[in-house]
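Asks: Using the hints provided, position chain W relative to the given structure of chain S.
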Amino acid sequence: MQVSDSSSRILAGLLEARTGQQLTMSRRWRIETALAALLRERGIPTLDELITILVMGREPSLATQVVEALLNNETYFFRDRTPFDLLAKAALPKLARRREGSKRLRIWSAGCSTGQEAYSLAMLFAEDPVRWAGWTIDILGTDVSESAVRRARDGIYSQFEVQRGLGVTQMIRWFEESDDGWRAIEPLRRMVRFQVQNLLEPPPHPGQFDIVLCRNVLLYLNIERRSQIFERIGSAMAPDGWLMLGAGETVIGQTKRFEADAESRGLYRPVNLGEAAQIALGA
Amino acid sequence: MKTCLIVDDSKVIRKVARHILETLEFQVEEAGDGREALDRCEAKMPDVVLLDWNMPVMSGMEFLKLLRQRGHSDQPKVVFCTTENDMAHIRAALEAGADEYVMKPFDRETLHIKLQLVGVA
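Residue numbers (UniProt numbering), protein chains in the order written: chain S, 1 to 283; chain W, 1 to 121.
Treat the hints with caution; some may be incorrect.
Said to hold, decoys possible - Okay, derived cross-link-like pairs now, SDA-like style, lysine to any residue, Cα gap no bigger than 20 Å in a straight line: (1) Lys44/W - Leu94/W; (2) Lys104/W - Pro239/S; (3) Lys103/S - Ser7/S; (4) Lys77/W - Gln116/W; (5) Lys104/W - Gly167/S; (6) Lys11/W - Met1/W; (7) Lys65/W - Thr23/W; (8) Lys104/W - Asp179/S; (9) Lys77/W - Ile156/S; (10) Lys104/W - Lys103/S; (11) Lys77/W - Pro239/S; (12) Lys15/W - Gly167/S.
What the hints assert, rightly or not - Heads up, incomplete: computed chain W residues facing chain S, CB under 10 Å, no partners named: (13) Ile90; (14) Asp99; (15) Tyr101; (16) Lys104; (17) Phe106.
Simulated from the structure, these hints should not be mistaken for lab results.
For every residue, glycine included, the Cβ atom is placed at its ideal position computed from N, Cα and C.
Next up, chain W with everything else stripped away, as it sits in the complex:
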C-alpha cells in the first residue's frame, strides 16, 4: 500500500483529501504545516506528499525546498494542492521540485489522474 502525507493547515481539506486517498487505497498521514511535515518525512518518508502552499510556521514552498535540499535517495513525489492558481506560482513550484500541481477545488478524478501521472497510483 502506498503512503501519502497530506500537508494542509485546514482540517476540512485534510479530511476531504484523506477520504479520497483512502478510496484510492493509500495509507494516509497528516501534517498541519511544513515544519511538522519535515519531521514526519524524517521519521518515515512517504511515497507522495500532497502539499498546500500557504500555511503557518512553514509554507509549502519552504518545506519543498528543504526537502529537496536534503537529497535523500527516497525522495517522495510532491503534488502541490493549493488555491494559488496562477502561472507564476505553478512555474515556481515546478522549479522548486514539485512533480504535479492541483488547483483547489478539485475532485477525486482529478487527484487520481495526477497521482497516476506521477506514478504512485
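Chain S on its own, in the form it takes in the complex:
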C-alpha cells in the first residue's frame, strides 16, 4: 500500500483537526501499518479509496476510526519508573500532610491511553494501605480515543501488555486470569475511572486535581496547542498541586503557567498568572 504525500496530508489534517496531534514526517511511516487492519475490517481495497470516502464525508464514523487508528497508544505499567518514585517519595508525603484534614486526593492521568498509568497509580496507593486508610483517592484517566478508554475501563490486558513494566509479584497480586487476558482485580478497578476527553477542550470535573500526569502527549502537538493545554491543565489544578510530564518534556519555553519545582526535579507547580503579572508590573 503506497502512501502518497497528498494522502498523508489529508490524514495528518484530519488527525490534527480532531486531536491537535501532528503527524510529523517521522511518524508518517506508521500510516500504512496503522491503517492496514481498518482497511481489511471495512473491506476498503486501497488507501486512495479510503481517502475518497473520507473527503466525500459519506461515512462520518470512518473518520473517527481513522483518527483512532493513527493515534499512538504506546504505554506500559510504571512507564519510566522514576516519576512514580518521585511521586511516592516527594509529592505524596507532602500532600498527605497538607490534605490531612480532608483526606482526599484527586489525580488526573491526562492522555491515559489504555489505562496502564492510572492503574499504576492505583497500585502505588493500594500497596501502602496503612498509610492511606480512610482516604478517598480519586484517580481519573482521560483520553481522546474512545477505544482506548473502553479498554482502560475493562482493565483487561494481553499477556504481552500485562508484563510490560510490572514485576511478576505485582502482576499476580493485582491481576487475574480471564478469558480475554489478564484483568485488573476489582479493588484496583474501583480506584480508577476513565472518560473520553480531548485535552483541547475544557478539563474534566471536578477540577482541583492535586496531581496531573500528562506524559508523552504534548510532544505530538505544536507549541500553540501545548500552551493552550498547559493553561487548561493549570486551571483544573489545586494551587499547591503538581504536574508531571514525560521524560524529555518540559514547561521551559512552552508556558508561564507552570514552573519547575526547585525541590523536586521533574515536578512542576502551577503559577498564579495574576500574581506573576503583578510581579512583572512591579506591584
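Replies: Frame of chain S, contents of chain W only:
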C-alpha cells in the same frame, strides 16, 4: 559487565535473547538444556539466568531446584522466560526460587525492566 546465561532449547529464541541482552551490555553465555546450564554454572556462576521451562534432558524447573539446593553464596538471579503463561506455573516458579517471570512473546523493554527489577541491569 554483567553476565547472563540463556537456557533455551530453541536456537532462534537464544539468538533473539542474545541480541537484546548484548544491546543491554550483558556478556552472554548459552545452554540448550538444564543439564548443560548446571555445568556452566558450576564452571562460572553468571549474574542472571534467563530460563526456559520445557527443555529436553533437564527442564528449567529441575535446573532451578538443583541450583537453589546447592546453596552457593553467589546464587544468580533467575528469570523464567517461557510460554507457560498461567498463574499455576508462575506461582510454582516463584516458590522454587525464581526471581522474575517473562511470558513469551516479549520485547526488549519488557526484558530490560525485568532485569532492572531483579537488580542486574
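Asks: Does Pro239/S sit within 20 Å of Lys104/W, going by the straight-line distance between their CA atoms?
Replies: This hinted pair is violated, its Cα atoms lying about 46 Å apart.
Asks: Under 10 Å is the threshold here; is the Cβ of Ile90/W close enough to any Cβ of chain S for the hint to stand?
Replies: With Cβ-Cβ at 6 Å, under 10 Å, it holds.
Asks: Please verify whether Lys77/W and Pro239/S have alpha carbons no more than 20 Å apart.
Replies: The hint is violated at about 46 Å.
Asks: Does the structure keep Lys65/W and Thr23/W at a Cα separation of 20 Å or less?
Replies: violated (30 Å)
Asks: Does Leu94/W lie within 20 Å of Lys44/W when you go C-alpha to C-alpha?
Replies: Violated, because 24 Å separates the two Cα atoms, which is more than 20 Å.
Asks: With a cut-off of 10 Å on the beta carbons, see whether Asp99/W makes it to chain S.
Replies: Holds - the Cβ of Asp99/W comes within 10 Å of chain S, reaching about 8 Å at its closest.
Asks: Taking 10 Å as the limit, does the beta-carbon of Tyr101/W come near enough to a beta-carbon in chain S?
Replies: holds (4 Å)
Asks: If you take the shortest Cβ to Cβ gap from Lys104/W to chain S, is it below 10 Å?
Replies: holds (9 Å)
Asks: Sort out whether Ile156/S lies within 20 Å of Lys77/W, counting only the CA atoms.
Replies: violated (30 Å)
Asks: With the threshold set at 20 Å, check whether the alpha-carbon distance from Lys77/W to Gln116/W stays at or below it.
Replies: With Cα atoms ~11 Å apart, Lys77/W and Gln116/W stay inside 20 Å; holds.
Asks: For the pair we were handed, Lys104/W and Lys103/S, check the Cα-Cα distance against 20 Å.
Replies: violated (42 Å)
Asks: Does Phe106/W hold up as a contact with chain S if the rule is Cβ-Cβ below 10 Å?
Replies: Check passed: Cβ of Phe106/W comes within 7 Å of chain S, closer than 10 Å.
Checked against the numbered hints above, the structure breaks hints 1, 2, 3, 6, 7, 9, 10, 11, 12 and satisfies the rest.
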